[in-house]
Structure formats: structure tokens, C-alpha cells
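Sequences are here, hints too, so could you generate the full structure?
Chains as they are written, first to last, in the UniProt record's numbering: chain A, 1 to 333; chain B, 1 to 337.
Once the Cα atoms are required to be at most 30 Å apart in a straight line, the calculated DSBU-like pairs of lysine-lysine come out as:
(1) B:Lys-88 <-> A:Lys-222
(2) B:Lys-88 <-> B:Lys-64
(3) B:Lys-88 <-> B:Lys-78
(4) A:Lys-222 <-> B:Lys-27
These stretches of chain B come out as covered by chain A in the derived footprint (C-beta under 8 Å, 3 or more residues):
(5) 83-97
(6) 105-117
Hints were generated in silico from the structure; no laboratory data involved.
Ideal Cβ positions, reconstructed from N, Cα and C, are used throughout, including at glycine.
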Amino acid sequence: MSDIRPAGPLDPETQQSEALDQVAPATVPDTAQPGVPPSAQPKTKKKDGKPASLWTDAWYDLRRRPLFIGSAIMIFILVVMAIFPQLFTSVNPYDAATCQLIDARTPPSAGHLFGQDNQGCDVFAKTIYGARVSIMVGVTTMIVTALFGGLLGLIAGFRSGATDVILSRTTEIFFAIPLILGALLILVIFGRGNVWTVMLALSVLAWPMTFRIMRASVITAKNQDYVMAARALGAGAGRIMFRHILPNALAPVIVIAMINLGGFIAAEAALSYLGVGIQSPEISWGLMIADARDRFLEAWHPLIFPSIFLSITVLAFIMLGDAVRDALDPKLR
Amino acid sequence: MAATGERVLEVRDLVKHFPLTQGIVFKRQIGQIKAVDGVSFDLHRGETLGVVGESGCGKSTLAKVLMALERPTSGSVKINGVDMAAAKGGALKRMRRNVQMVMQDPYTSLNPRMTVGDIIGEPYEIHPDVAPRGDRRRKVQELLEVVGLNPDHINRYPHQFSGGQRQRIGIARGLALQPEIIICDEPVSALDVSIQAQVINLLERLQNEFNLAYIFIAHDLSVVRHISDRVAVMYLGKLVELGKDTEIYDKPAHPYTQALLSAVPVPDPEGREQRERIILQGDPPSPANPPSGCRFRTRCWKAQEICAKEEPLLEIRAGTAHESACHFAESQDIVHA
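If you want it as C-alpha cells, here you go:
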């Protein structure tokens, strides 16, 4: 107490009690009731009385959403599948000896759950191993675009003026190129496609989406009163950007990144299907679908099973993004 | 609330013009908004200066310029004799310790992602030499207590508090650096009337305790009268009248002040029907193209030829005890008439 006062002639204790006496009648209806435990007060949902931040509130909300639980379980299984495919199948589809050409296009049976494809390889094992490429391309592209687009968006929104004009116009050039068509062109230039060139092609073309979302939410956050209060305290640009603006601008970027992730997985499959993405002998769902399409009327199973996995994966990420968006939006609570 | 003490703030001929531009790539200046146009006043230690005026008269721009959030076009803002408007970098940052702000809307002035402890402790992080690191938490709790909040709520987030409590948090943040001047930009206009009184009482108590000087901006005349030692009336970027609260309220000399006071609602139904209301014609002129001479002449019932030609200066005029900017200044009791 005493050191907050420029010149405190009185004993700090007496003055403090005086101060409290003065303020006591005024604060009774205003301050939180001391008798009520914090957990019973509105908006503090956690039982242990810890403060509820936006993220803890969102987490509380998410755990009760079937949409989130379902998509999270799906994504967990897919990620495990991508990292440890041998947990799900004993057959290694990269080993040519596992393929029996004589059994080509055999329908599903007890030995081959999803049947065998044109080369006589096990479709189940290939589908399991195909998850790796999809998840890798999706997650890496999402991280690269979120970081790159997000950082540029933060700078453009915060600096405004000439920096913003230059960055925004550059973004618009990239924004005008359709994702699949542009990626097709880039991959044709590279020649033989692989996981890395697909990621690069998608990242180069997809960052403007995150850029725009980030720039817009930074501009909204920048004009808030608490940013002005921080400037009045003498806070520097770094503190204002990373303590005040970024945490308040991040939520929509995270949501759009998750929804985009599903789109990247679909785009990878499309590029592989078109023959410019992942190349054989690498395994990818898009490639499997492409291989199976000519003989679809004779054998449906090599096409249908990877297609189902692809759809479920894309759907799971989009649903997860949706659930997170709803949980982060306080108006929907 | 004795207004005796040395001068802590000295504002001289403060001007803030915002350029009006046209075109997107090649911006051309086609004019300027004269938001604040030649304002001068002093503020003494422990004193409250109320600033009143209608919307758009430049009150909030004045506050921003005084906080050095906007650079003035010209003029000086001297704090303890040092010009803040000319200060830069580290010197400006040090000067900011002396002037802090309480904002209008308690719902947007606190970062929703920071705990109360972080919000009130942020001034110490920005100015680390004010309080050593280990001491900060205790200081924040003391500040919470000073503004009448429970110090145990240090880890809570702003959305867990009511509007009045949030405004107390904002006041605690303003007090953290032990400033001499606090600029209150409509600190109670977003609050319920019952909570307004609590916050006003808190501000008055803090003023007595820490010998603070306030600039209290508001459009509620009764609130300003309650808290102010002196009152400045603003119209279209200029001060039109400046004096002690009793002088302004009981003996207003400028026609604009008289019109403002006649609009104060009277809670007593007895006799209020007979009270003379001065109803001004028209809207305030555009601050981009203010009238020549006296800016109020276009709406003034006393306007003569001289008002268009000669700008009335803010000075003590015959028949009045305080400063007013009107060629025909004349004391008139509006409130009690």
C-alpha cells in the first residue's frame, strides 16, 4: 500500500483500514459474493475453481460434443495408422512378393479383407499404408500455410499502410490461381511428383487463405481499446503484437487451418489420381483409385475401399474444424 | 478536493488536425478535420478538471493527444515542465508513467485473454524498474484491494467480472505506475447509474489518497459537477468557457454553456414545466469547415456582425469572474431560474 502512494504520511495500516471502511458499503453488491465458492459462480465451470479461459471453456465444451468426440477418435486412429501401419496389418504392401498376379481382382475374402487389386496385391494393407501419405501431406501443408500465411497476415494487419498494400496485392495474385490447376502446373514443371513436391505445390498456393483470415482478425483486434491501453502504458510493438493482438486473433486461423487440412488431403488424392502427384511404387489413396478406375465394372473393391477411407479422413478433419469453431465462438454457447 | 498545488500539466495552443484524403494509391489531401483547434489550460496537483461538450466536439481526441497516443499538429503538452508532445522513445516511455488513462468501455478495455493479475501487472513488465520482479504479485494484490476488489481474484479473467468491477480493474491498471495525472475518458457512461456512483466515489477516494489530478471527460453534466473542481466547456474543437464548477453551473456566461445547462433534466416535476429551455437550432457545423470568427455564431441567438469577423478569445470578460469566449458574455443563472 504505502509504496503506491506518492507521499504517505499516515501509517499504512490505519489508512488501509480506513480505505476499506470507506469502500465497503459501496462494493457489497458490486464484488463477487465472498460466501459463494468460485465454482458456483456463472461461467466458472471447472470444479477446482481454476479460472476459465477461452481455451479451458472451449475444451469443456468440446468434450461434450459428439461431433468432436467422433472426429477426434477417427483422427486418432488415422494418425496411429499413418505412424504404425504394421499394427493393423501383417502384410507389407511395399514388398512385391506379397502380390500374386494370378489372384488379380479377387473379391474380398477372409484372407484378403478388402480383396486384391489389379496386381494381385492386398487392398487392405495398401489402404492402411496409404494413410501415411495423406496425413503427412495434409498436416505438413497445414502447418506451413498456417505459419507462413499467419505471420504475413499478422505483419500486414499490424503495420497497415504500404506494407499491407504490397502484401495484400501479392496475396491476391496467388489467390487468383485455382488450387488444383496451379498445383498441376507446378508439379508438371517438377516432373516426377513425390510427397515433398506435392506439399510444396499445395503450400505455395494455399497460404493466402490463412493470410486473409489472419489479417482480418488482426485488424479487428488492433482497434480494440485494450490495445490502446497497452500503448498508453508504453508497450512496444512486439508486446502489443504477441501479447495482445495475436492471442485474440488466433481462433479463426486455427479453425480455418483445420478445415483446410481436409481440403489438402483431398487435393493430394486428386493430384495423385491425375498422375502428377504421388507416383508408384509409393502408396497413396488417390493413386489406388486411379489404378482401379479402368477395371471398375469388373472389380469394384480396389476403388471403393480407398475412396471410403479418403472420404472419412477428409470429413473427420472438417468436422473437427467445425466443432472447434463452434466451441470457440462465445455467441453459440 | 482543494485545488491547491503546483501545476502538473500545462497545455498550450494544442491543435490536432486530421487530414482528409481522397484516392487510394495516390492520396491527395483535400482538407482537414479540425478536431482540436487551439486549446490551452492548466491542471494542478490534486485537482479535477471536467471537460464537457456534445458528441464530436473533440473531447476524446483531446484525451488521446494528452496521452500521446496521437501526435498534436502543433502546440505543447508540458508535464512538470517537460513537453510530452515533443518527447520520443525512452523519454516518452518514462513520461507515460506520469499520465495514465481510464477508458470508457470496461468491456473492451481489458484483454479477454489475460488474467486480472496479468492486466494490472503489465505496467510493471513494461516499466521493470518500477517494481522488482518478486514484488509484483503482492503489488497487484494491493492494487486490487485499493480499488475494492478481492485480492484472491488475481487469477480470474475479465469476463468473470461485472461492468463496475471491470472498471475498477481498469482503474487499478491506471494506478499501477503511481501517476500524477489520470485522464478519465467518460469512465462511467457505460455503467448503470447505481454503479456510476460507486466508481465516482472510488475515483474521489483515490484522488484524496494519492493526490491525483484528473481530467474528467464526460457528457453527463451532473456527474461532472459532482467530481470537478473546475469545468471546461468545449465546442467544435475549442474551449468556450473555463471556470470553477460553481461559476460554470451557477453563473454560466457563454450562450452555449447556458444552452447545455438548460438541457439538464430536472428530477422535480414541480415547476419544471415553467422552466425556460434554450433550444439550439440546427446541428454543430462540420469540423472540416468551421464558421469564421466565433464557431458558435451559426446557432447563437446573440450573434452579431462582429461574431463572424472577430474570433472571441478565452478571457475574463466584464461582468464575469471566469474565462469565456464570447463577445457578449453575460452571467445568467440557468439551473435555478
